[in-house]
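Using the sequences plus the hints, can you model the full thing?
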Amino acid sequence: MTRRMVVTAALPYANGHIHIGHLVEYIQTDIWVRFQKLRGHRAIYICADDTHGTAIMLRARQEGRSEEELIADMQQAHVRDFAGFDIQFDNYGSTHSPENRELCNRFWQALRQAGLVYEKEVEQLYDPVAQTFLADRFVRGTCPRCKAPDQYGDSCDRCGATYSPAELIDPKSTISGARPEPRRAKHLFIQIEKLHDFLERWTQEDEHLQPEVANYLKGHFLNQPLRDWDVSRPAPYFGFEIPDYPGHYWYVWFDAPIGYLASTWQWCKRHGEEFDRWWRDPETEIHHFIGKDITYFHTLFWPAMLHVAGYNLPTKVHIHGFLTVGGEKMSKSKGTFVMASTYLKHLDPAYLRYYYATKLTHKVDDLDLNPEEFVHRVNADLVGKVVNLASRTARFAHATGLSATYPDDQGLFAAGVEQGERIAAAYEQGNYNQAMRLVMELADRANAYVESRQPWQLAKEPEKAQELQDVCTVGLNLFRQIAVYLAPVLPRLAEQTGQLLGDPITSWQQAAEPLTGTPVARFKHMMKRASLEQVQAMFEESKEAESETSSPAGGFQDSDEPLRQEPLVEEHCTFEEFTKIDLRVARVVAAEDVKESKKLLRLTLSLGGQERREVLAGIKGVYQPEELVGQLVICCANLQPRKMRFGTSQGMVLAAGPGGKEIYLLRPDSGAKPGQRVH
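Note that the numbering used here has the sequence shown beginning at -8, numbered continuously upward.
Derived by calculation from the structure, the hints in this document are not laboratory data.
Be careful, since some hints might not be right.
[What the hints assert, rightly or not] Between beta-carbon pairs, the in silico distance windows are:
{"id": "1", "residue 1": "Gln420", "residue 2": "Pro495", "range": "23 to 29 Å"}
{"id": "2", "residue 1": "Ser588", "residue 2": "Ser57", "range": "52 to 58 Å"}
{"id": "3", "residue 1": "Gln622", "residue 2": "Asp267", "range": "56 to 62 Å"}
{"id": "4", "residue 1": "Asp494", "residue 2": "Pro202", "range": "16 to 22 Å"}
{"id": "5", "residue 1": "Glu531", "residue 2": "Ala663", "range": "40 to 46 Å"}
Glycine included, each C-beta is placed from N, C-alpha and C at the ideal position.
In structure tokens:
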């Protein structure tokens, strides 16, 4: 049965260029859409630039041009970068479009009619020179706790304290340098708590989300009342003015996801399709691919908005982790914060598409780009196994073409057909890592066959011309079968294969039908080997001084998206409740790997004297056991012991970060002693 589906990737913000971290998602989505099309389904890949917000307005001011000029130029750059990596959108729009304005009005009317919107005064810091309200990241000053200078408006890099911008000592606007002043303004809020029961059902049923995401939402948000959502911003602001609330604009996170529908609507207009068939027909699947940092919006607010407005809910939200390079965050000073355009100067985009495919699974795990592994995978798999299979057979088959009937290949082609369904299942669930492993198994078998039959030797014996043709026919058909299975990842290789064998790759079914009796074109070079020197040259070109790029005032690279952290808990605890938590300085006196677990290390903590605690900590892969021994940490010493599969954990070490490989143990300052209480 042919499926119909809208597939989206998160809308890139129009305030910065595309980098290799962004490309994880757009390549991941492109692979999935190409696979669905090969399987014969109607899938459209929809995206757009996210164009509204304070950051766009401020950058346009800084550059002395209109916001419309800024976002138009950035859209051209984004489209160019995506095309360079063979990312093929069916429509690439903009949230600053008439279609999006119209749809925002429709959603707004539905929310108003449902009685979910109300007005409330909010106090924020205001820049009297720039004449704009300031988000936390646009305020810097002296930390009210440790007195460290030049700290952000919400947290201190030196001592880790969190606070409100109003608490900063000598606060300054990063926009104008003026001292901000507190002002109150009216905002509109949506009472999302009224949809709590609906959201709990939707997030926990029918596998709309990965299990770990559903559990996260249930344990962190849906176990308590949901916070009301602030959806308006007072002027000045670049965006759509709210029709029934003059002088106020929809917050960027209101109109951005509606951009998925607006971009689809543009596609429908071009192709004579009915819009409602794609967003109101329950037979149409909706698939969103996003990074884990925007999970909150796409799994709570967005389904709520769709539900109230009467549009299709997401069939599945596919969430991926972050990219690290060499096991660390991308760094401008180290050159690992690589722009898409810089990559294309040095390396083949097929390399990155394949490497990401080998790393992406159906889980939310982060993925690492290791330079040595990157070069090895490209050279060993793509050049050494796949392309080599064609180069060692095509040059002998050019003169004769393929055999009239398919020869005996010891069951290799039939085994590849059978393997194809397992590969398809892996693609379908987003487990590209498994799909690539299965394809490379076929490549290994095919190369072993060619190696055993040695066509280069058969070519020296004229009497064995038929045997040579048969061996090359088998080798090229096995190569073509592999090229079909790799086509979602390597569309250029699929195109080259079609040209070589005179049969363009357009369907997954072609992998089940061998070619016979057809001519073979002269073999042309398909892919070069990669080198570590190329990667290092790319990093070198990408290097910037950290001091030039760390301040939000320089270029306004931040968007209006929330920080990558959980929202603050609004419910207060009493002082007495807090003092029940016994936080202690502890020293790690022993640490070992829990071999049966993918995430746990077993730590033995000294709390002074003979007091010990054994703690199972989910930090494997982030910290090595040997590097922790002797280190001071913070331990919750009176946590109820928890029996686990691998033993009993008698406490908890404190850490920060969103999870995955972004985990940072909290350490006491020098001079602290094991057993001392944290106050």
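Here is how each hint holds up against the structure:
no.: 1; hint: Gln420 to Pro495: 23 to 29 Å; verdict: holds, 28 Å
no.: 2; hint: Ser588 to Ser57: 52 to 58 Å; verdict: holds, 55 Å
no.: 3; hint: Gln622 to Asp267: 56 to 62 Å; verdict: holds, 60 Å
no.: 4; hint: Asp494 to Pro202: 16 to 22 Å; verdict: violated, 42 Å
no.: 5; hint: Glu531 to Ala663: 40 to 46 Å; verdict: holds, 41 Å
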